[in-house]
Amino acid sequence: MSQKTNIALSVNGEQVQASVPARLNLVDFLRDHLGLTGSHVGCEQGACGACTLSVDGVMVRGCLMLAVQADGANIITVEAFGESVTGEQLQQSFVEHNALQCGFCTPGMLASGIDYIESGGSTDRTHIRKHISGNYCRCTGYQSIVDAIASVVEGRNSLAVETKQTPGAEESGTSNKRAGE
Amino acid sequence: MKAPDFQYQCPRTLNDALVQLSSDDVECQPLAGGQSLMPMMNLRLAQPEMLLDLNNIAELSFIREAGSHIEIGAMVRYATLLESKLIHHHIPLFVQALPHIAHAAIRNRGTIGGSVALADPAAEMPALLKALDATIEVVSKSSTRTISADDFFLGTYETALRSDELVHSIKVPVAISEHRYGFYELARRHGDYALAGVAIGAHSVEPYTNLRIVFFSISDCAVRAVEAEDALNGKLSNDSTALGNALETLSKLNYYEDANASSATKNHLARVVMQRALSKLSTAVS
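Sequence order for the protein chains is L and Z. Residues in the first sequence are numbered consecutively from 1, following the working numbering. Residues in the second sequence are numbered consecutively from 1, following the working numbering.
Some hints here could point you the wrong way.
As the list claims (entries may be wrong) - Here chain Z is said to cover these stretches of chain L; the calculated rule only asks that three of the stretch's residues, wherever they fall, bring their Cβ under 8 Å from a Cβ of chain Z:
1) 2-9
2) 64-77
As the list claims (entries may be wrong) - Keeping only pairs whose Cα atoms sit at most 20 Å apart, straight-line, the calculated SDA-like set for lysine to any residue is:
3) K4(L) x V16(L)
4) K4(L) x A73(L)
5) K85(Z) x A80(L)
6) K130(L) x Y193(Z)
7) K280(Z) x A187(Z)
8) K141(Z) x E27(Z)
9) K2(Z) x V41(L)
10) K4(L) x Q9(Z)
11) K2(Z) x K130(L)
12) K2(Z) x L34(L)
13) K4(L) x P48(Z)
To be verified - Incomplete in silico selection of chain L near chain Z, CB under 7 Å:
14) G57
15) V58
16) R125
What the hints contain is simulated information worked out from the structure, not anything from laboratory work. Using N, Cα and C, we set each Cβ at its ideal position, and we do this for glycine too.
Looking at chain L on its own, in the form it has when it is part of the complex (with noise of 0.2 Å):
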C-alpha cells in the first residue's frame, strides 16, 4: 500500500484538500482527481509542453512536478486562463489567427504565450519562437501561434503608444481605473 500525504493548495482560485500517494504527478492529480481535463498529458518526460500549467505564477510541466509537491502552492490551469486580461486576449487571438486545430497542445501553449506576453516579450518572432520552442505542434507549423502571440503583444504596445500621445486618453484612462477600484 503506497504513502499517502495530505495536502491542501489553491486551484483556479479554489481551496482544494487532498490525499495523494507521492508518485502520482500534477498533472494527474488535476485531471484525475479534480476533473481538470484542461491540461493535456502527452510525453510525461517534459519535452512536449502539453502540460505546461502555472504554480505560484510560474510556468511549470505538470508532468515533472509531483502533487505532494504543490502542497500550499497557488495553481492555475487553462481553465481560468481565461479570467486573466492576457489569457482572454491571448485566447481571443488563437481563434482569429486559426492558431489550433486538434487543440492538443493549446494549453500549453496559451501558458507559454501568457508567459511571454507578461515577462514584457516583443513582437520579435525569433524571440517568440524561441519561447515557446518548448511546445510542441504537430498541426499548424506555428505560424499561426507566433501570429496570435505577436498580434497581442502588438495590440498592447499600440495601445501604450496611443495612451503617451494623447494626455486626454490617458487621463480617461486613469479615471476609469479609479472608477473601476
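Here the structure of chain L is known, so what remains is to put chain Z in place on it, guided by the hints.
Same frame as chain L, now just chain Z:
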C-alpha cells in the same frame, strides 16, 4: 508511463536531509528540480525506494559574493540565475549559456545542483563549470569536501559524490575585464539537448592564455580538449596555423555516438562549435 511507487520525505533542514541520506535502511535518491530525474522515473530508468525532496530546504537557495568568488547554493533554479544581478555582473559565461539550457518552463524548476549531481553527458552545466574552473562543495553528515569541477565529473551520470553526500554549493571565480568567454551549441530545436556544444574560458586573448575548452554532448561527460588548449595558448586569435593544429587535435577525443549522430559526425561538429565559439569570445564584465 508513470513513475513506480516510492516513499517520500521532504525535510526542511539540510541536517535532516543528511541524516536521512546516511541511513542504511532505505535506498534514498535526492530530488532537486526533478527536470531530469522525474522523466527518468516516468520512463522507469530510475526506480528509487525513497525520494528525498530537497525543495523545502531554504538554506540551499542562495547566491552570494565571497571575495573573488560567487557562491551558488545547490537548489538555485536556472530562472533565478538568469535574473540575478550578481550572476550578470560576475559570470558572463552563464549569461551566454543559460538561455540554451532547456526551455523556460524547465528552467523555472531545474537547479544548478541537480544538474551537477546528475552529470548528464549532454548537460551544459558540467562543461560551464569546468570552463570557469569552478569548485563544488559537497556535504555529508560528518564532513564537507571541496572538489574541483575538473575532478568531479567522472563519466556518464557518474561523479565523485558519495551516496551519503549532497552538493551544497558551487563556487565560481568572478570574471575580470581581461577574461573572455564563449559558448556555442548545435541543437535541432532551441533548448533541446545539443548534438555538440562547447564552453570556453580564457584569461586573455591576443595572445590566448589559460584557455579552457570544454565540450559537452560528444562523450561520456564534459571533456576538456587539453591538446587544443595547448595548441592555442600563447598564440594570437588570427594565427590560422595554430587554429588548424588545435582543430586537428580534436580527432583524438573519445567520441560517443548517440541516436542523432555518429562519432565521425560528433568530431566534425566539435570542430564547428569550437571555431564558432572562438570567433566570438566576448568580454567578461558587461
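Which hints, by number, does the structure contradict?
The structure breaks hints 5, 11, 14, 16; every other hint is satisfied.
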